[in-house]
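Engineer: Letter by letter, the chains look like this.
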Amino acid sequence: MNTAMAAVDAHPVRLVVEDDLERNRLTVFFRLILAIPQLIWISIWTIGMIFVVIVNWFVTLIAGSPAPTLHRWTCAYLRYGTHLNAYLYLVANPYPGFTGEEGEYPIDLKLPEPGPQKRWKTLLRLFLAIPALVLASALGGGFSVGYGSSRGNGGTRYSAAGSRGALSLTCAVLGWFAILARGRMPKGLRDASAYGIGYGAQALAYLLLVTDRYPDADPTAMLHEVDRPPEHVVRLVGNADDLRFSRVTVFFRLLLAVPHIVWLLLWGIVTVFAVVANWFVTLFRGTPARGLHGFITRYVRYTLHVYAFVYLVANPFPGFTGEEGLYPIDLVVPEPTRQNRWKTGFRLILAFPAFLVSAALGYGLLVAAVLTWFVALARGAAPWGLRNYSAYSLRYQAQVNAYVTLLTDAYPHASPLEGAPEPQDDFAEAAAA
Amino acid sequence: MSRRLPLLAVLAAAWAVAVWLLWRSSLPAYHLRPLDPRTLFSPQVLHRADDYSDGARLLWLGNVVAELVVLGVYAIYGIRFARESAAGPIGTGMLLGMLGFGLVWAAQLPVGVLSVWWRHRYGLDGSYVQATIGNWLALAGAFLFLSFALAIVMGLARRIGRWWWLAAAPFFIGLAILFAFVTPWLLGGRAYHAPYVQRLERVEHVQHVPVRVLDGFDEPNAFATGLGVSRRVFLWRPIVVPPFTPRMDEFVLAHELGHLAHNHIWKSLAWYALFAFPGAYLIALATRRRGGMGVPEAVPLAIFVLVVLQLLQLPLQNVISRHLEAEADWSALRATHDPAAGRQLFELFGSETLEDPSPPWWDYVLLENHPTLLQRIEMTQYYRTYAAAQSP
Numbered sequence: 001m002n003t004a005m006a007a008v009d010a011h012p013v014r015l016v017v018e019d020d021l022e023r024n025r026l027t028v029f030f031r032l033i034l035a036i037p038q039l040i041w042i043s044i045w046t047i048g049m050i051f052v053v054i055v056n057w058f059v060t061l062i063a064g065s066p067a068p069t070l071h072r073w074t075c076a077y078l079r080y081g082t083h084l085n086a087y088l089y090l091v092a093n094p095y096p097g098f099t100g101e102e103g104e105y106p107i108d109l110k111l112p113e114p115g116p117q118k119r120w121k122t123l124l125r126l127f128l129a130i131p132a133l134v135l136a137s138a139l140g141g142g143f144s145v146g147y148g149s150s151r152g153n154g155g156t157r158y159s160a161a162g163s164r165g166a167l168s169l170t171c172a173v174l175g176w177f178a179i180l181a182r183g184r185m186p187k188g189l190r191d192a193s194a195y196g197i198g199y200g201a202q203a204l205a206y207l208l209l210v211t212d213r214y215p216d217a218d219p220t221a222m223l224h225e226v227d228r229p230p231e232h233v234v235r236l237v238g239n240a241d242d243l244r245f246s247r248v249t250v251f252f253r254l255l256l257a258v259p260h261i262v263w264l265l266l267w268g269i270v271t272v273f274a275v276v277a278n279w280f281v282t283l284f285r286g287t288p289a290r291g292l293h294g295f296i297t298r299y300v301r302y303t304l305h306v307y308a309f310v311y312l313v314a315n316p317f318p319g320f321t322g323e324e325g326l327y328p329i330d331l332v333v334p335e336p337t338r339q340n341r342w343k344t345g346f347r348l349i350l351a352f353p354a355f356l357v358s359a360a361l362g363y364g365l366l367v368a369a370v371l372t373w374f375v376a377l378a379r380g381a382a383p384w385g386l387r388n389y390s391a392y393s394l395r396y397q398a399q400v401n402a403y404v405t406l407l408t409d410a411y412p413h414a415s416p417l418e419g420a421p422e423p424q425d426d427f428a429e430a431a432a433a
Numbered sequence: 001m002s003r004r005l006p007l008l009a010v011l012a013a014a015w016a017v018a019v020w021l022l023w024r025s026s027l028p029a030y031h032l033r034p035l036d037p038r039t040l041f042s043p044q045v046l047h048r049a050d051d052y053s054d055g056a057r058l059l060w061l062g063n064v065v066a067e068l069v070v071l072g073v074y075a076i077y078g079i080r081f082a083r084e085s086a087a088g089p090i091g092t093g094m095l096l097g098m099l100g101f102g103l104v105w106a107a108q109l110p111v112g113v114l115s116v117w118w119r120h121r122y123g124l125d126g127s128y129v130q131a132t133i134g135n136w137l138a139l140a141g142a143f144l145f146l147s148f149a150l151a152i153v154m155g156l157a158r159r160i161g162r163w164w165w166l167a168a169a170p171f172f173i174g175l176a177i178l179f180a181f182v183t184p185w186l187l188g189g190r191a192y193h194a195p196y197v198q199r200l201e202r203v204e205h206v207q208h209v210p211v212r213v214l215d216g217f218d219e220p221n222a223f224a225t226g227l228g229v230s231r232r233v234f235l236w237r238p239i240v241v242p243p244f245t246p247r248m249d250e251f252v253l254a255h256e257l258g259h260l261a262h263n264h265i266w267k268s269l270a271w272y273a274l275f276a277f278p279g280a281y282l283i284a285l286a287t288r289r290r291g292g293m294g295v296p297e298a299v300p301l302a303i304f305v306l307v308v309l310q311l312l313q314l315p316l317q318n319v320i321s322r323h324l325e326a327e328a329d330w331s332a333l334r335a336t337h338d339p340a341a342g343r344q345l346f347e348l349f350g351s352e353t354l355e356d357p358s359p360p361w362w363d364y365v366l367l368e369n370h371p372t373l374l375q376r377i378e379m380t381q382y383y384r385t386y387a388a389a390q391s392p
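Protein sequences, first through last, are from chains A and B. Take the first sequence: its position 365, counting from 1, is numbered 365 in this note's numbering, and each next residue is one higher. Take the second sequence: its position 144, counting from 1, is numbered 144 in this note's numbering, and each next residue is one higher.
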């Protein structure tokens with residue numbers, strides 16, 4: 001599914017990724033401890049920013065645009081937060097500076113000049129930002145604005161918790177182990193984490209009056225300057241431009257899905273036995289049994305159809321058979337091919353990291369679905385960005401399902417970017433001609 | 001047509017014989033001078049019951065009108081939602097069926113909320129959460145059953161054409177039997193122990209029937225269900241606590257055991273079977289112009305016809321239900337020999353549930369699936385005469 005097809009005008013808050021994936025094992029090993037001075041510094045800065053933002057809010061409300069000086073401070077704060085997030089989440093390697101200078105860090109933000117903002121949006125900014133902040137908390141944003149209190153044995157404790165976000169945190173934990181082993185951050189995890197940080201920065205920029213443009217959850221737009229990963233054998237296809245939703249089916253969406261959920265459950269029970277049988281076949285023969293492969297493929301495709309319906313990625317009510325080509329969001333699954341026996345033997349253990357990423361993405365997917373539900377009910381169409389995030393999440397889950405159920409031994413790719421097809425071999429083409 | 005007449009006549013005769021067999025009961029024929037409710041209930045109770053019932057009837061009418069209007073409009077325009085489906089004919093039919101009932105739910109929601117408000121106004125219990133979110137969850141169950149039913153009906157219609165109803169009716173009868181058998185095990189509840197349980201079971205010849213109490217209900221009520229080994233009697237908690245006395249509970253239990261003793265569950269299923277065949281045939285007939293039940297276009301019309309048929313058969317269904325309930329009352333009187341407890345129980349129902357002791361005729365025809373409180377008290381009076389005549 002090419003979500004890059006329908007390009008929208010670029011968001012004024014842009015993430016710049018100039019990271020080469022190389023990491024220093026030593027600094028990664030001590031990353032959290034090394035970041036302590038930075039965390040203290042951002043806590044102090046956050047306290048100051050609270051006053052800056054309040055003053056800026058009044059200025060923007062009265063004058064119709066932020067005060068240039070206050071805007072500059074806010075931008076520096078935002079940029080510094082992004083640098084720190086990138087450092088903590090292992091999205092970048094170098095130790096960040098303390099000033100939030102533009103262009104000094106591999107993961108950076110391009111921020112707009114102060115411009116006119118709609119007054120009603122300024123007035124209601126805190127409430128309008130809530131959905132974006134909720135999604136950001138699922139993905140990886142919300143750094144030191146998450147400054148809050150918690151009650152423990154020692155009374156009220158204040159903490160600038162640094163960064164939060166299920167997706168970025170999961171990628172960071174997995175990336176930590178990968179870097180210690182290989183000295184490089186896996187590109188999929190880096191991209192996913194960078195996306196989460198970028199969305200968090202946009203949400204915060206909106207809240208802190210840097211721009212009145214709402215955050216854009218579209219992963220392709222967020223990482224449009226980043227190299228696409230190689231095309232995965234399991235991928236989504238469909239018409240990305242169709243955002244129309246029927247309000248009635250949106251309203252009853254969860255209930256309408258009940259028969260599908262029951263059917264999915266029953267089919268799932270049979271599929272478990274089919275997968276176990278296929279595991280033995282693949283382990284001994286090296287290739288999955290064609291019949292079992294076809295049966296499981298249908299189940300995995302059906303799962304995608306049902307999830308796409310439930311999570312408001314697609315509009316129509318899906319069929320019950322998992323047939324190819326009948327649903328607007330569909331899955332391409334390879335024919336049974338030879339698989340590495342080691343990978344087959346330890347498939348469940350190997351899939352564990354992918355399960356974690358899938359669970360983190362699933363949390364964001366749930367948030368996105370709830371937000372999409374309200375928007376689709378009001379507008380009769382899904383928001384482009386949220387729909388694309390959800391499609392990314394479903395694509396990853398489908399790849400995990402395909403990996404676990406032995407449809408392929410290609411490991412799921414966590415990058416939010418869709419894979420690029422292999423470059424055509426001109427010589428081979430010419431020879432064939 | 002003339003060749004079919006003998007067949008139709010035979011079927012009608014068989015149907016009539018089945019009705020006659022099912023109608024037979026142990027209920028004596030009696031006729032008493034109608035009682036005056038003012039002699040049994042205080043003016044205050046009568047006034048409150050009258051006022052409350054007027055509102056409740058209006059709300060019922062509102063519900064029915066909402067349902068008919070929504071499904072009527074849906075029967076005409078509902079097919080437009082077929083474009084929201086990529087599920088093939090049967091899946092699309094399921095979607096259309098679910099949407100139809102979803103829209104009915106939405107239309108009835110204000111009436112449901114008003115009903116709770118009306119009950120609160122008269123000091124009766126009722127939950128807004130149940131009327132809104134609770135019903136939403138119940139709708140999920142309804143959608144599931146509806147999808148299953150439509151998958152069966154449409155599958156049969158696509159396979160065997162216009163005669164689908166002949167195969168579908170037995171299937172749904174089988175399903176009803178299965179539900180009746182399984183339901184008691186799904187309901188749970190806690191065991192109810194009283195000194196009179198075993199005696200009543202012995203008298204009613206229905207031994208080893210567990211009696212269970214269900215929490216979470218606001219009204220005093222009870223019911224018997226199950227077939228064979230799954231037979232159970234369920235008492236809703238309010239009926240086993242004051243102001244209901246143990247004597248009244250004994251009467252209630254005897255009434256429910258009476259249902260089981262006279263095979264009322266089986267009889268109800270048999271009645272259902274008698275209506276299932278003509279009902280399914282009428283749906284098949286009504287949807288023929290839309291291409292029959294094998295195509296999704298027929299589904300919105302089919303559910304409208306189904307609801308209209310259910311409404312039309314309501315008076316008949318109530319006649320049958322009242323007949324079975326009266327027999328269970330009579331059975332309770334014979335088992336307990338305590339008409340005074342029965343009378344007190346029915347009088348208490350009047351003040352506790354604000355049930356109208358003598359509703360207007362149309363209410364009696366359309367809404368009352370039990371004999372009226374007055375009729376039930378009349379029966380306890382008749383039993384006194386009957387018992388006096390029987391004693392040596």
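Since the hints were made in silico from the structure, they are not lab data. Model, not experiment: these values are computed from the prediction. Using N, Cα and C, we set each Cβ at its ideal position, and we do this for glycine too. Each hint should be verified, as a subset may be incorrect.
[Claimed, not checked] Examples of chain B residues toward chain A, derived with CB under 8 Å:
| # | residue |
| --- | --- |
| 1 | S85 |
| 2 | A86 |
| 3 | F143 |
| 4 | L312 |
| 5 | L316 |
| 6 | A340 |
[What the hints assert, rightly or not] Some residues of chain A that are not near chain B, with every Cβ distance over 10 Å (derived):
| # | residue |
| --- | --- |
| 7 | D9 |
| 8 | R14 |
| 9 | E102 |
| 10 | L256 |
| 11 | P259 |
| 12 | R285 |
| 13 | P316 |
| 14 | G319 |
| 15 | F320 |
| 16 | L326 |
| 17 | P328 |
| 18 | T344 |
Engineer: For every hint, state whether the structure bears it out.
Structural biologist: Against the structure, the hints come out as follows:
1. S85: Holds, because the Cβ-Cβ distance from S85(B) to chain A comes to roughly 4 Å (cut-off 8 Å).
2. A86: holds (4 Å)
3. F143: The hint holds - F143(B) has a Cβ within 8 Å of chain A, the shortest such distance being about 5 Å.
4. L312: Violated: closest Cβ of chain A sits about 28 Å from L312(B), beyond 8 Å.
5. L316: violated (32 Å)
6. A340: Check failed: Cβ of A340(B) comes no nearer than 50 Å to chain A, outside 8 Å.
7. D9: holds (31 Å)
8. R14: holds (37 Å)
9. E102: Holds: least Cβ distance 48 Å, greater than 10 Å.
10. L256: Answer for L256(A): violated, closest chain B Cβ roughly 5 Å.
11. P259: violated (4 Å)
12. R285: holds (35 Å)
13. P316: violated (4 Å)
14. G319: At roughly 4 Å from the nearest Cβ of chain B, G319(A) sits no farther out than 10 Å, so the non-interface label is violated.
15. F320: violated (6 Å)
16. L326: Given a closest Cβ separation of 5 Å, the condition is violated.
17. P328: Label violated. Min Cβ-Cβ 7 Å, cutoff 10 Å.
18. T344: Label holds. Min Cβ-Cβ 34 Å, cutoff 10 Å.
The structure does not agree with the numbered hints 4, 5, 6, 10, 11, 13, 14, 15, 16 and 17 stated previously, though it agrees with the rest.
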